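Kindly produce the complete structure, drawing on both the sequences and the hints.
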Amino acid sequence: MSALLEVRGLSKSFRGLRALIDASFEVPRGAIAALIGPNGAGKTTCFNTIAGVHPADSGSVSFDGRPIDGLLPHQVCAAGIGRTFQIVKPFAGLTVLDNVVVGALLRTRNVSAAKRHAGEIVEKLGLGSRRNLPAASLTLPDRKRLEVARALATQPRLLLLDEVMAGITPTECDLMIGVFRELNRSDGLTILLIEHVMRAVMALAQQVVVLNHGEIIARGTPAEVVRNRAVLECYLGEEAEV
Amino acid sequence: MNRRAAILLAALGVALAALPGFANAYVLSVATLILFLAYTGQAWNVMMGFAGQLSLGHSLYVGVGAYAAAGLFFHFGIGPWAGVWLAIALCAAFGAAIGFLAFRFGISGVYFALLTIAFAEFTRIGFDHLDWTGGPGGLFIKVAQRDQIDLANFRGPPAMYYYAMLALAAGAFALCAVLLRSRAGYYWQAIRENEEAAQALGINTFRWKMAAVLLSSAMTAVSGVFFAFYYNNLFPEQIFNISRSIEIILGPIIGGVGTLFGPILGAAVLTILADLITELLAALGWEIPGIKQVFYGIVLLVVIMFLPHGIWPALARKLGVGK
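From first to last, the protein sequence lines are chains E and P. For reference, each letter of the first sequence is one residue, going 1 to 242 in the working numbering. For reference, each letter of the second sequence is one residue, going 243 to 565 in the working numbering.
Calculated directly from the structure, the hints in this document are not laboratory data. Just so it is clear, the structure is predicted and the values come from calculations on it, not from any experiment. Quick reminder that beta carbons are idealized off the backbone N, C-alpha and C, glycines included. Hints may be right or wrong, so weigh each one.
Stated by the list, open to error - Reference excerpt, derived from the structure (chain P facing chain E, CB under 8 Å, subset only):
id : residue
1  : R423
2  : S424
3  : A432
4  : E435
5  : E438
6  : Q441
7  : A442
8  : I445
9  : N446
Written out as structure tokens, the structure is:
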């Protein structure tokens, strides 16, 4: 089967700072892939470029064999790519459920159908008991979950997760890992995640792409990557234990 | 909406419908003004309260709407039932121009508000130089015969204007209640809360913001038509004045931005209190020019300090009704 997401020679500069340099990788259909690397390596830039937040300087992105570069964020989402934000962006004044309903309304105009769908997702992510609270009252781990719930409600075929494990306890992390595995296995959801929490990367990803200073320096299975000389030097450190 | 809210709303509706039966001319004129501000505030609330786009130039739509209908009536004898469509079309065109300029070129927040003021101001100056509408000297419609109702030309006794405004305010309330629970309401609120996240969830924010501006300007156009046929005289200096824009938005802000009932409550509280104070001072023999504006300022200050979400959310909790 062909790759669901194909990134070819993607480059992006911000006023001379080369955030992403000629990056090429692909995510096969049904896979879970991880994008790792030190802070400032260009991971979020890569996500934003895929998601249409800013246009690439050069290179191309195709999704399901169709070019998607040049599309605006809402068009990328409609094409079937859901995303979360590293710095969470809840609709603070709306309830948890209504946050998710907004996402669900992409695939249906019927508000009560969207509410039902959103209710199921809220339960799945373990936010059921807080569904009628304003999103502003959530703790950070719950806000991260809300980001995921909202993105899932748009019924994506590819989910881009930007550090959803950061700042949560190992127990909560394992819970999220379980949720993603389940989504991947039962719904065939393809996932590309940016993550610093190696515990999650090792548990979830079948393949890992390592970025440093905007360039891909390594790729492979998690086991291969953690033994890679260059990766150890720039990111994981000599004593890496995972 | 729960049962309690439905009962309260029905009681309010009955009281308002019965009001002309026992109110004197003064009370009726105050009530008409309240409904006018409630309706116009509701229209403004669609843009700011729902979609988060701050307009400080809504006098533009009142003025253009008023002049469009009054001009047709004055020059060609065309009644407001036809004129209101021209008013709506012109105001929607102005709204589209402002919205397109702002949203296409990424002007938002305070800068968007400044753009709305700019449009209201240069339209005011434009009308000062437009002879067709009488320029700065004003446009006057023949005052209504108070004892006979001429619905076709919207001329008649004060009670007719009161009921017209009541119907508009009730209609706008119902429309907003439906919209807020529809996909449009969810999308507007999402844009208001976080535009970037809204885009990431597949919302074409440009299109939905435009929709809010178009609806708001079209609704406000109708206020303008009412204004023209109720007050019978129009001056650019007055109708496009920024103080009118401020007066429009004070109601929703004090009542509760983004709530359905806030614009109505805010308009009532402000108008009644301001009138009471003016009357009281007049009775004491103190005529202080601008006292109303000072009073508005104080009320605004107090509300923002103690009830930053407006009076209605707090009152709704006390009454045990939803937003």
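These are the hints, each one checked on the structure:
1. Using the Cβ-Cβ criterion of 8 Å, the hint placing P:R423 at the interface with chain E is satisfied: the shortest such distance is roughly 7 Å.
2. The beta carbon of P:S424 is positioned within 8 Å of a beta carbon in chain E (closest approach about 6 Å), and the interface hint is therefore held.
3. Satisfaction of the interface hint for P:A432 is found here, the shortest Cβ-Cβ separation to chain E being roughly 4 Å, below the 8 Å cut-off.
4. Taken as an interface hint, P:E435 checks out: its beta carbon lies about 4 Å from the nearest beta carbon of chain E, inside 8 Å.
5. The closest approach between the C-beta of P:E438 and any C-beta of chain E is roughly 6 Å, which is under the 8 Å cut-off, so the hint is satisfied.
6. For P:Q441, the interface hint holds, since its Cβ comes within 8 Å of a Cβ in chain E; the closest pair sits about 4 Å apart.
7. Checking P:A442 against chain E by beta carbon gives a least distance of about 5 Å; that is within 8 Å, so the hint holds.
8. Proximity of P:I445 to chain E holds as hinted, the smallest CB-CB distance being about 6 Å (cut-off 8 Å).
9. A distance limit of 8 Å between C-beta atoms decides the matter here; for P:N446 the minimum to chain E is near 5 Å, and the interface restraint holds.
In terms of the numbered hints stated before, the structure departs from none.
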